[in-house]
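Heads up: the protein sequence lines correspond to chains A and B, in order.
Count the first sequence with UniProt numbering and you get residues 1 to 275, in order.
Count the second sequence with UniProt numbering and you get residues 1 to 312, in order.
Treat the hints as calculated values from the structure; they're not laboratory data.
It should be emphasised that the depicted structure is a prediction, and the values quoted were computed from it without experimental measurement.
One thing to keep in mind: the hints can contain errors.
Calculated cross-link-like contacts (lysine-lysine; reagent style PhoX-like; alpha-carbon spacing at most 20 Å) [to be verified]:
no., chain 1, residue 1, chain 2, residue 2
1, B, LYS91, A, LYS19
2, B, LYS55, B, LYS15
3, B, LYS70, A, LYS271
4, B, LYS131, A, LYS19
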Amino acid sequence: MEGILAIWQRDITKFFRDKARLFGSFTMPILFLLIFGGGMSGTMESMMAGQLPEGGSDFNYIEFVFPGIVAMTLLMTSVFSALSIIEDKDFGYMKEILVSPVSRVSIAVGKMFGAATIATIQGIMLFALIPLLGLSYDFMSILQVIPFMFLLACALSGLGLLFASVIRSTQGFQMIVNILVLPMVFLSGALFPINNLPTWMEAVVTVNPVTYGVHVMKNVMVDVENTPTQIVEAMGLNLTVFNQEVTVLGAVLFIAGFTLVLILLATQSFKRANA
Amino acid sequence: MAAMIEVQDLKKSYKETEAVKGISFEVEEGEIFGFLGPNGAGKSTTINMICTMLKPTSGSIVINGFNANKEKNDVRASIGLIFQENTLDEKLTANENLKLHCRFYNVPKNDRERRIQEVLHIVDLNDVRYKKVETFSGGMQRRLEIARGLLHYPRVLFLDEPTVGLDPQTRAHLWEYILKLKKEQGITMFLTTHYLDEAEISDRIAIMDQGGIIAVDSPEELKRQLGGDIIELSTSDNAQAEAEVQALLGESDEFTINDELIRLQVENSDAFISELIEALSVTITKLNIRKPTLNDVFLAFTGRDIGEATGT
Chain A
1 MEGILAIWQR DITKFFRDKA RLFGSFTMPI LFLLIFGGGM SGTMESMMAG QLPEGGSDFN
61 YIEFVFPGIV AMTLLMTSVF SALSIIEDKD FGYMKEILVS PVSRVSIAVG KMFGAATIAT
121 IQGIMLFALI PLLGLSYDFM SILQVIPFMF LLACALSGLG LLFASVIRST QGFQMIVNIL
181 VLPMVFLSGA LFPINNLPTW MEAVVTVNPV TYGVHVMKNV MVDVENTPTQ IVEAMGLNLT
241 VFNQEVTVLG AVLFIAGFTL VLILLATQSF KRANA
Chain B
1 MAAMIEVQDL KKSYKETEAV KGISFEVEEG EIFGFLGPNG AGKSTTINMI CTMLKPTSGS
61 IVINGFNANK EKNDVRASIG LIFQENTLDE KLTANENLKL HCRFYNVPKN DRERRIQEVL
121 HIVDLNDVRY KKVETFSGGM QRRLEIARGL LHYPRVLFLD EPTVGLDPQT RAHLWEYILK
181 LKKEQGITMF LTTHYLDEAE ISDRIAIMDQ GGIIAVDSPE ELKRQLGGDI IELSTSDNAQ
241 AEAEVQALLG ESDEFTINDE LIRLQVENSD AFISELIEAL SVTITKLNIR KPTLNDVFLA
301 FTGRDIGEAT GT
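When you get a sec, could you build the whole thing from the sequences and use the hints?
So, in structure tokens, the structure goes:
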């Protein structure tokens, strides 16, 4: 336990000490929000209004995309924070950790929690923009979504850990992660609905953990019950996998299971490691 | 005394090569055990296996009564490591680095402050406790690293080339401290260095070459085994001198030619030297008579100078 805490605290301390990183992590999600929110809302909203004559004009794209942007921020930060593993290897500190009696599970979990905490903090920072964007989410639903954001961030940073444990160079890691992150964002329903995709893309959507993360975030934050059914369908708020409607609970369980598997895999890689 | 480290028939092979070829040795509690050998001899591989960082192909390692293959965490808690490369977190302060170490090794909470002060005092870094490590000089970082390795009161301290890159004064200071540790705390030390004068402080030395251990003994005994004094000379015509020395020594082959230097070993140099001078028809340009050093031991066992062997 102490080991997890120590590894976690080290990464958090270093995050707040790195001014450039701090600035970047404040600004990047805001940029996404401005570009996607501002740039796409006109198109998306007029499309909806055209498609759905009654009620379509009430559609607010920003309200739809906001949870998606939060999920995207979580993804980016979680996966890239795993870079700290490669840095630790390069600068030798990983050796200090690996020769210590800290259990290998604790190393994996500590690193995962560190990345997930940083990602969640960034996600929460985005919530501060809600009033500025003229959005209104239920305060309770925001409180509910925060623990889930942490879980989702754990799953995603676990993915980063796994890649960091097999890739040796910083540049290589960044390349691979970029290739990985883009389809994960675009094929998750975070930014646009994922209806009527070709079959092979459907397959990617189905195995993409971000899909389930976005699904939960949108369903918790957007007031689905008071949204016209056509809009719910048009915006893909009802996720179906293998002809089964995915419930919020089901999606949460999927993410939790995914996280556990990644912890096990990362632990194995630390067991084999000899920095 | 009980054995602190017991290594038996330890082997490590990679696909094609056998890096460590079944070595066995024991390190007794409280002794300083020197581990010498050229690069590629298998030293690092051996140390990594002892420190649980590398899985042996076969053989057994027992440290402080724990099996390094099965009771990894007990072994890890029993040892401290000072690596040759930097393993500090430079973005953190000295204090933070030490605190983290206490937490990794489960040092009792109420004892941490006292121990941190104690080790900082030992390496003389009290003044910079709250400064970031990146502002430290190389020597200061090394000292901090040593302080950190002692925080959890290890039973065995592994020192892998601990003084590389340190100025002579810091080096001397460091050895003084290491000897003090040995005397006061009875910490067992496992030392690798290629400064052979530093290896002299070892109680026993193992010489490793090409994956095997070729000698284990005290430095004095190793030197004594070489037999006698060493005479090194160079002359205006080494080829001629070589023939004459050969004639003088008879069948004995106890001399080597190293670059420009003829090196020979004799039981008693006092009597021999006048004979030698008389026997040589060429002019002697350099003459040196001395007691054997560890470098001579190394040379005798491996056929190489440790300096050339390690490429420094």
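Right, here's what the structure says about each hint:
1. The straight-line distance between the Cα atoms of LYS91 (chain B) and LYS19 (chain A) is roughly 12 Å, inside the 20 Å bound, and the hint therefore holds.
2. Restraint check for LYS55 (chain B) and LYS15 (chain B): satisfied, since their Cα atoms lie roughly 14 Å apart, inside the 20 Å limit.
3. Distance restraint check for LYS70 (chain B) and LYS271 (chain A): the Cα-Cα separation of roughly 13 Å lies within the 20 Å cut-off, and the hinted pair is therefore satisfied.
4. Restraint check: the Cα-Cα separation between LYS131 (chain B) and LYS19 (chain A) comes to about 18 Å, which is no more than 20 Å; the hinted pair holds.
When held up to the earlier numbered hints, the structure conflicts with none and fits them all.
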